[in-house]
Amino acid sequence: MMSIRRVISKIERNYIINNLKNEERIDGRGLWDYREWKIKHNLVASAEGSADVCLGDTRVITGLKYEVGEPFPDIPDEGVCTVMAELLPLASPLFERGPPDEQSIELARVVDRGIRHADCIQTKKLCIKENEAVYILFVDIYVINYSGNLIDAGGISALTTLISSHIPEGKWVDDHVEWTGGYITGETIVKELPIVLTFGKIGDIIFIDPSLPEELICDGKISISVTKDKVTSIQKSGAATFSIDDIQMLNKKAMELGNLLRDNLNLWQYKVNIE
Amino acid sequence: MMSIRRVISKIERNYIINNLKNEERIDGRGLWDYREWKIKHNLVASAEGSADVCLGDTRVITGLKYEVGEPFPDIPDEGVCTVMAELLPLASPLFERGPPDEQSIELARVVDRGIRHADCIQTKKLCIKENEAVYILFVDIYVINYSGNLIDAGGISALTTLISSHIPEGKWVDDHVEWTGGYITGETIVKELPIVLTFGKIGDIIFIDPSLPEELICDGKISISVTKDKVTSIQKSGAATFSIDDIQMLNKKAMELGNLLRDNLNLWQYKVNIE
Amino acid sequence: MMSIRRVISKIERNYIINNLKNEERIDGRGLWDYREWKIKHNLVASAEGSADVCLGDTRVITGLKYEVGEPFPDIPDEGVCTVMAELLPLASPLFERGPPDEQSIELARVVDRGIRHADCIQTKKLCIKENEAVYILFVDIYVINYSGNLIDAGGISALTTLISSHIPEGKWVDDHVEWTGGYITGETIVKELPIVLTFGKIGDIIFIDPSLPEELICDGKISISVTKDKVTSIQKSGAATFSIDDIQMLNKKAMELGNLLRDNLNLWQYKVNIE
Amino acid sequence: MTLLIKDEYPEKLFREDGKRLDGRDLKELRPIKLEVGILNNADGSAYLEWGNNKIFAAVYGPREVHPHHLAKPDKGILRVFYRMATFSVFERKRPAPGRREKEISMIITDCLEPVLFLELYPGTSFEVFIDVIEADGGTRCASTTVAALALADAGIPMKSLVSSVAVGKIDGKIVVDLSGIEDKAGEADLPCAITWFNEEISLLQFDGDMDLNELDTFLKLAKDALKEIYEMQLNALKSKYITIQEKYNGGQVKQ
Amino acid sequence: MTLLIKDEYPEKLFREDGKRLDGRDLKELRPIKLEVGILNNADGSAYLEWGNNKIFAAVYGPREVHPHHLAKPDKGILRVFYRMATFSVFERKRPAPGRREKEISMIITDCLEPVLFLELYPGTSFEVFIDVIEADGGTRCASTTVAALALADAGIPMKSLVSSVAVGKIDGKIVVDLSGIEDKAGEADLPCAITWFNEEISLLQFDGDMDLNELDTFLKLAKDALKEIYEMQLNALKSKYITIQEKYNGGQVKQ
Amino acid sequence: MTLLIKDEYPEKLFREDGKRLDGRDLKELRPIKLEVGILNNADGSAYLEWGNNKIFAAVYGPREVHPHHLAKPDKGILRVFYRMATFSVFERKRPAPGRREKEISMIITDCLEPVLFLELYPGTSFEVFIDVIEADGGTRCASTTVAALALADAGIPMKSLVSSVAVGKIDGKIVVDLSGIEDKAGEADLPCAITWFNEEISLLQFDGDMDLNELDTFLKLAKDALKEIYEMQLNALKSKYITIQEKYNGGQVKQ
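Residue numbers (my numbering), protein chains in the order written: chain W, 24 to 298; chain V, 24 to 298; chain R, 24 to 298; chain Z, 3 to 257; chain H, 3 to 257; chain S, 3 to 257.
These are computed hints drawn from the structure, not numbers from a lab.
Hints should not be assumed to be uniformly reliable.
Said to hold, decoys possible - These stretches of chain S come out as covered by chain R in the derived footprint (C-beta under 8 angstroms, 3 or more residues): (1) 43-54; (2) 82-89; (3) 135-142.
From the three backbone atoms N, C-alpha and C, an ideal C-beta is built for every residue, glycine too.
In isolation and in its complexed conformation, chain W is listed as follows (with noise of 0.2 angstroms):
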């Protein structure tokens, strides 16, 4: 285990500038390389939707429940979906106790509207009936062990939980819900697969999936979501500032590593067959 207690060292820092300067990793990846993706689904039987995501060995596991709820009245035939995160303090001697901090703030903001706002989740699909009765449904993100980048394993945490999701159906009866038996599933709620990526510049330098000590010594960050052929989503964090065309040049690399990252995750096996 790596200490992560003590600041990094400067020798330490040095080495990985200096690895990073000729586009190495210190563990031994290309400045566009992920750590390796692990992924089970629907491991909670009491949530109805959930995932166990390690990238390298960051791991963060995600569950869903549902409230039946009156809709927004400016938006009276859809339903709503929240995101949480919590840095539990068993992750790492960096988390404290308490109320969430800015950090899990930012995680929750930034994977809640990677999705918000790539046509990912059917809000239509999650009203019972209008005006009266919709799905509110909660993606609460744990971070179980922290080694960097949690943005992105969250994100594909709280994708692959809402594929593998599973609400029993109601249906409007009078003047309340009675439930029909049959389910909701991922693929009814599910349309786009937006993907949320991270890039870490330290000095001049950008790469992707900042790892533990990659992240301790960043000047920031930008996380950028995509979906196959539009960005939806952009954060910049941390005192780093990115010229217009790394930001340009990032957007693309996003697009590219995106897509792949789609293909080869190919989050859809996590959909939860109901009869």
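For chain W, the structure is supplied; the task is to place chains V, R, Z, H and S on it using the hints.
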């Protein structure tokens, strides 16, 4: 006043332990003797039931309030009773201001469970109209002076409060509650009288009703709630361990001493008669 | 800028006190003079009433929002008006972030009570339908720059906000509120114009409208709300004591100076006309 | 025992014989019972019953300040924590302390501070905990009165005691010591407190609608009532010392 | 996959063949899977599946105490933080830790502390984080069992392991290791834990309605089940060391 | 004065003459008014009106860090607290700061930090308080712009100013500086900020649905608008110094 601000000194500690080895207590009691009980009932006119209970220098005031609310869907014909406890900073320099800490949560929970599982409160009598309206009782315990063994004092205090209770009687008319002008009293609400008895353990010695200095040095405690012939609740706390033989002995002891205390205190005398 | 970070020095303190003994203030005012008032109204388009009030360097911005809700059961035909105050950390190095502290609670309460007990707000005009729907007004006071005497500035600010208010008019149709397209304005809502006046006491000397250095060294304050011929609220704060004669004198002074200020400020000019 | 089911107020606050609903005359105080030294963990304590008000007060100090940053290098600080039990009022109060409790705590702090010599205790705090078990009008006055006794019981040097009472107007008449019902159904309420060392007012609040003459009358009436309360406080302190004295003699029997 | 839409309980908890609903005999444990050392940031960690319970435990320590004032000059402190994921139960749990989670944290602390030598670590803390990903009856026992493994994995000196299980009564029969449904629909539940160094009970809770004989039977049954669990814990620790050993040999290949 | 009773959006965001609803051309900014040095307690301050946005910013620092444990031994820290008044939006905002406010605070912190020399101020903090009195689309950009001015007004060494604006797409057309209505009813929104010392992007957020070419156009448009804003910021700073200069000369009249 015994100073409870300083850590109990080694000398004092040894004095307590040496006495216990001779089956004596520093206040002259035997191992299985309670301190003196003093009970006043129905002292708070703004409460629908109240008790002021002293156990030695420990003093606890409890009051009952009620609301009318909807029943839980899975028990549509039963009312609800909740227990809250607050360790007032006025009661001891050991108590701090702020939200309920572990000790007050434990006090409330142990008293609550003692009552809940003993067929003590006739929750069906707290139903005004099935599915529509039930009484919600709040039994709120305030510690006024802390001198050890809050749980047993809290238990008797809660029980006396319930016995002394007098709640306006409602009936269901059309679609709302109307007051009949009568009262539902403790006689109707309370059936069994469960007694909670707390034993301390210091080294190998076990004794009932720890006084403050005993409580401060004891390795652990065990609280046992009993009705006439049944054990209804057990809670071990603190870092002591108990042999299975000890536990069997204590269950028996609790039953025996519980019956004795129930007879001596004669709590039914505190019921309220309203014409 | 006078530094309010350091404790006011002995020398400065003596300077202030010696001036006061000669019935003079360090800023050249007499004992019973206010600093200059500047008032802007209706500056916030998102609010249904607003005011930007300066009293010397003290600056307070207040806005009004409304909701429609159910009336309290004991006043089924009256609306509700609540006052909140926040001392923004931007306004002074003396203000800390976090939940409302004692000073902001006091500001809100004193302003609120000044309004509430003076027949100022015509709460019956805030009723849309008895037992069903009333307006709930939120008068929220933000301190933008703190230079002493927030209460008087807050009072004028709240009053100007109410006078400038314009709330969509609702009527009860069948079982819900419909908007008529008209507005209820301050002219309808506000009747009396209560003025709150705050006096500081340093040693034996009493004076109106403490500036910041005076407020920081004063022993105590007294705030008196007055209508044309009545005292409607008094609040003493701080560790000063006042003789009964002082209080009688101050009540008279408040009435006198309150009438003067009411005339000078001519707050009705800030009402809003909507065709 | 009378139990109101709704928190309703009577239409009239005077009986046909001109007395108040609880049988009192205009200037008559409710029955007051004071005890000092009743809690043995505190450095000082007192208990009060005033009409149906039932209030405990305890004092701890001088002691270390928590949290530290509140400590002042040049003087001690006084902190008052006024709390009401959930069952002390008609509608169950929420357990967490509310704004009203914080405000009253501050007012009582301001009222008691003038009688203490805080400059003698730099870096420390005195904490006064006031717990209202039953509330029936005038709790802030009753709390101030009982807290002053608890401070005295703690042996803390004081310039004088503090006494407190409310005067008010009900059905157009000025009365002393409003009960809970009178407070809620009346027109005006003026709680005040006096620091006896200088005979000045150290707590003053008023909500109502009063002209200057009426307010003058209020203050005069208040002063008379405050004197009565002061006597009771002194008696409570004396009887404690008499009790102690008796106990002490009891220890030295038959010399 | 079965999904209950309402959180309903069956009327009978035994099948016609006398087995429990999940096919178990009266004294049969649910399947248990234990792994140690699965989280690489923690000083020690373990993962457990017990029936449908899925629980992670991680240990950090000895380390500095935050906040400082909790530190004790004469001994280390043990802090346990038991938390449930929002989706670990049928009705979504609110994200913030509730009273129940705090209570269970305290109970597990009391249960584990006897096996540690805290007096050797003055001024420091051991923190045990327990996160329940899925809950299915007996989470406090399962949590205790997995937390003890995480402590052992951290290499912290211990007097012995701790094992925990619940015994209960359902449909009038005494059974071992209540499942979630049995816990909710049954009559009584007695979670307990044993510290093996002295073979004494270090966690004991009970809610139900039991006479003395029945309780004795409970405790005897519990002891047998605890022995089974202890074996599994020892095996989990052994297989980790076997794995490490293999890895190490792997590093020294073909010498 | 127009008052919407519901927070409704128009169907079309362009007028028949091709102008935007508020009469602007595609690339036209709303009216912007900037003032510096308007709050005399702060070390630096600025006020902005941008369309209907009304925002105050104040800077305190370098000063001691509260709470202490946030201080860093090797550099100063920048803390930004973005808050909205309850009445700044159509539906009354709850008084306590929400998640959105915390998130925007963090984003502005990240955006401003690159222009500061924090390594020169170890152990201290700069605190920027941003209070939105009225919000009308683009508050994070407007807040960044006004906060940069407040930092400059405080005389804190900076590598350059920071300017910020949003570009977006409404009814299929790319426009500069979205108003509140355009933001809510439009298709895409890209707030960004530039640090002029290196002409790089220090704030970038985007939500929408855009192909790569469109995004390039966005960024180009943004850069032009940012230049305009930069000029206004420089003028605001100049006019303050002109004012000071005039005041100073005023003190030395007729030499």
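Structure-inconsistent hints, enumerated in ascending order: Violated: none.
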